[in-house]
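Using the sequences provided together with the hints, build the complete structure.
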Amino acid sequence: MAGLLQNKPLLCDDIPWINALRQKGRMAFEAQGVPTAKTEYWQYTKPRDLNADDFVMQNSEDYEFLSVDEAHDCHCGKGEHECHCHHGEHECHCGNGEHECHCHASHEEGINLAERVLPFEAYYLYFANGMFIPMYPALPAGVEIKPLAEAIFDGEAKEYLGKLVDIEKHPFAALNTAYGEEGLFLRLQNGVKLDKPIVIWNHSEVEDENVFYNLRNLIVLEKGAKAEIFEYFDYKGKEKSRYFANCVNEVFLAAEASLHHYKLQDEAFKANHVALTVVRAKREAKYQNFCFQHGANIGRNEVVVQLAEEQAMADVSAAYKMAGWATLDFTTDIEHMAANTFSDQLVKGVIDGDARGVFQGKIKIHPDCVGSEGHQLHKAILLSDTAEADVKPELKIYADDVKCSHGAATGELDENQLFYMQSRGIDADEARRILVEAFLDDVLLKIENEDIRAYFKSKV
Amino acid sequence: MTKTPLLEIEDLHAKVGDKEIIKGFNLTIYEGEIHAVMGPNGAGKSTLSNVICGKPGYEVTAGSIRFKGKNLLALAPEERAREGIFLCMQYPVEIPGVPTATFLKHAVNAQRKHQNLPELDTMAFVKLMREEAKKLGIDNEMLKRPVNVGFSGGEKKRFETLQMSILKPQLAILDEADSGLDIDALKVVADGVNALGDGKRSLLVITHYQRLLNYIVPDFVHVFADGHIVKSGDKNLALELEEKGYAEFVKEK
Chain A
0 MAGLLQNKPL
10 LCDDIPWINA
20 LRQKGRMAFE
30 AQGVPTAKTE
40 YWQYTKPRDL
50 NADDFVMQNS
60 EDYEFLSVDE
70 AHDCHCGKGE
80 HECHCHHGEH
90 ECHCGNGEHE
100 CHCHASHEEG
110 INLAERVLPF
120 EAYYLYFANG
130 MFIPMYPALP
140 AGVEIKPLAE
150 AIFDGEAKEY
160 LGKLVDIEKH
170 PFAALNTAYG
180 EEGLFLRLQN
190 GVKLDKPIVI
200 WNHSEVEDEN
210 VFYNLRNLIV
220 LEKGAKAEIF
230 EYFDYKGKEK
240 SRYFANCVNE
250 VFLAAEASLH
260 HYKLQDEAFK
270 ANHVALTVVR
280 AKREAKYQNF
290 CFQHGANIGR
300 NEVVVQLAEE
310 QAMADVSAAY
320 KMAGWATLDF
330 TTDIEHMAAN
340 TFSDQLVKGV
350 IDGDARGVFQ
360 GKIKIHPDCV
370 GSEGHQLHKA
380 ILLSDTAEAD
390 VKPELKIYAD
400 DVKCSHGAAT
410 GELDENQLFY
420 MQSRGIDADE
430 ARRILVEAFL
440 DDVLLKIENE
450 DIRAYFKSKV
Chain B
0 MTKTPLLEIE
10 DLHAKVGDKE
20 IIKGFNLTIY
30 EGEIHAVMGP
40 NGAGKSTLSN
50 VICGKPGYEV
60 TAGSIRFKGK
70 NLLALAPEER
80 AREGIFLCMQ
90 YPVEIPGVPT
100 ATFLKHAVNA
110 QRKHQNLPEL
120 DTMAFVKLMR
130 EEAKKLGIDN
140 EMLKRPVNVG
150 FSGGEKKRFE
160 TLQMSILKPQ
170 LAILDEADSG
180 LDIDALKVVA
190 DGVNALGDGK
200 RSLLVITHYQ
210 RLLNYIVPDF
220 VHVFADGHIV
230 KSGDKNLALE
240 LEEKGYAEFV
250 KEK
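Just so you know, the sequences run in chain order A and B. Quick note on numbering that gives the first Met the number 0: the first sequence kicks off at 0 and runs consecutively. Quick note on numbering that gives the first Met the number 0: the second sequence kicks off at 0 and runs consecutively.
Mixed in with the good hints, there may be bad ones.
In silico DSSO-like links for lysine-lysine, alpha-carbon gap of 30 Å or less [to be verified]: (1) B:Lys243 with B:Lys67; (2) A:Lys168 with A:Lys402; (3) B:Lys112 with A:Lys458; (4) A:Lys192 with A:Lys45; (5) B:Lys2 with A:Lys456; (6) A:Lys458 with A:Lys445; (7) B:Lys112 with B:Lys14; (8) A:Lys37 with A:Lys395; (9) A:Lys456 with B:Lys112; (10) B:Lys143 with A:Lys456; (11) A:Lys458 with B:Lys230; (12) B:Lys143 with A:Lys445; (13) B:Lys143 with B:Lys126; (14) A:Lys37 with A:Lys237.
It should be emphasised that the hints constitute simulated quantities derived from the structure, not laboratory data.
Below, the structure written as structure tokens:
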């Protein structure tokens, strides 16, 4: 039984730089605490449940790579220090062909991963309650994926971890940094263009304990690299289970790199989910984010994009749909830090029951960033009298010769449209469903990959 | 001759907000009959059609409406539609984001489900839709657009007519079906409506002008003023109204 700051053994804690970074995170969280209504950018979303004192954290298992001296008789041909497939005898999905495996694998945890695929071709990576399941898809040359702890161990993470996130302003990112051991390090080398999306499947399965876990992903696209990453959060288990997933992504886009970043949050209705993604986009880099939230007690997704060099562009769009007592929060902070940078945001929400939708959208155009364009539009539909939408657009423009726009509209379903459909024999509920789908149609069109769009549509 | 009454409206009173619009309206329509209700602006014509179809915002304070013997006022709008009532609207509603074909398919299958018929799959539905559209000279391109979005006034009415020909209602209510139509479009609508006639389907034509009645010839014409019927007659009454106007019926007000 403990609060959010616990003393648990952490992987690689004997490495000075990571230990120092974790300490900094710890102190920054201690200084800020769980946000209250007075905390900047937390005035609408109140994470009261996170003041609980019954959080349970698991200790990460030692990965095999952490003891390099251990005998390694895998015959996948990748060499001792590169192979990290912990596969079981009959459960190898690493695509490296038949070989002897030594995995203490996933089926022992009662999760049948073979069935865990989404309706589109992808490279799949799995986490269960925030713990990486060491199974690797066969990736094309130039694509590197490994557990964060391994990248900490071999030092590669040092250049990236904590470099984009401002932990003094993001309490939960500070908390995430205090642990900083589970997650992925993902890198695409110069010019590598992935043929299929990468799915990071974060599965939660909780009984009675109030499970708390942290995930930290480092995503690095080198010059001209191109990828699609799909983060999927799902849940199985008791309906009323509580847990807290605290996620941070740091995304580094070199010149001309392009990342389509999708996220589907489909979780337990008592779940608390807080996520921060910080992106740094260099010259002509392109970041396209689409997030669909519909589970969770509190679901907060914050996307910060630094358009750091000319012609960098970001499209940060989202849809949310919820009922019950949920609070779903989509918060953005788009920083135009160079001339001729572009951003667009379209966020649409459907709110029913006693639920609350929050959109805080910030566009900041720094001095001298002429020729930049930043657009933002939020629209919400309230399906009940007790549903609420809180919208805070914020434009800070310190340069001349820029184009900026923002808009926000909150309304109900159109009575005339509803009646028109009913008068043709369509059930009122069915008519509402069709209208909601139509309302969300244009935001779904932001998704370029048709298979992924169809999948999101089926979830809407 | 034993005809079944299809629609029976008795001493209907209805109000919008605090204002009483329908004041003691009586009308009985039998199978296969065409009735025209004509009246000046503000007589409550649109209120009448909306009340029959169950549009929210209208309160029935007295009287009854029965359809095939059933108490219509107890039914939701979609149930009334599935029972066989179709309202051809004066101003068809635009629904951005909903493809016309999707909308129609939902409507057709809702009705088929009600009739205990198997639902049509996409192939069968598209075939049906195209056949009916062809008869009315409706371009397939139009059916790919969202419901009524970007349709001209004439196209909207054609689409209403198409819905009617596919849903084959027992009672079609034409609410100012001719408003905003040129003569060619008017003929398309009238032809579509007339094609429905198989001796069992009935029509309630609500109109200000006599023009439409040249193409859809009524069996009965009723003059509707100040919330109720003030005079009934045959098709000649419509011609009379065309000549003399409604002055005679509204002056008492």
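Tested hints:
1. B:Lys243 with B:Lys67: 36 Å, violated
2. A:Lys168 with A:Lys402: Status holds; Cα separation ~28 Å.
3. B:Lys112 with A:Lys458: 25 Å, holds
4. A:Lys192 with A:Lys45: 41 Å, violated
5. B:Lys2 with A:Lys456: 51 Å, violated
6. A:Lys458 with A:Lys445: Holds, at roughly 16 Å.
7. B:Lys112 with B:Lys14: 34 Å, violated
8. A:Lys37 with A:Lys395: With Cα atoms ~21 Å apart, Lys37 (chain A) and Lys395 (chain A) stay inside 30 Å; holds.
9. A:Lys456 with B:Lys112: Cα-Cα ~25 Å, so holds.
10. B:Lys143 with A:Lys456: 19 Å, holds
11. A:Lys458 with B:Lys230: 57 Å, violated
12. B:Lys143 with A:Lys445: 21 Å, holds
13. B:Lys143 with B:Lys126: Status holds; Cα separation ~14 Å.
14. A:Lys37 with A:Lys237: Answer violated: Lys37 (chain A) to Lys237 (chain A) is near 33 Å, above 30 Å.
Hint violations for this structure: numbers 1, 4, 5, 7, 11 and 14, all remaining hints satisfied.
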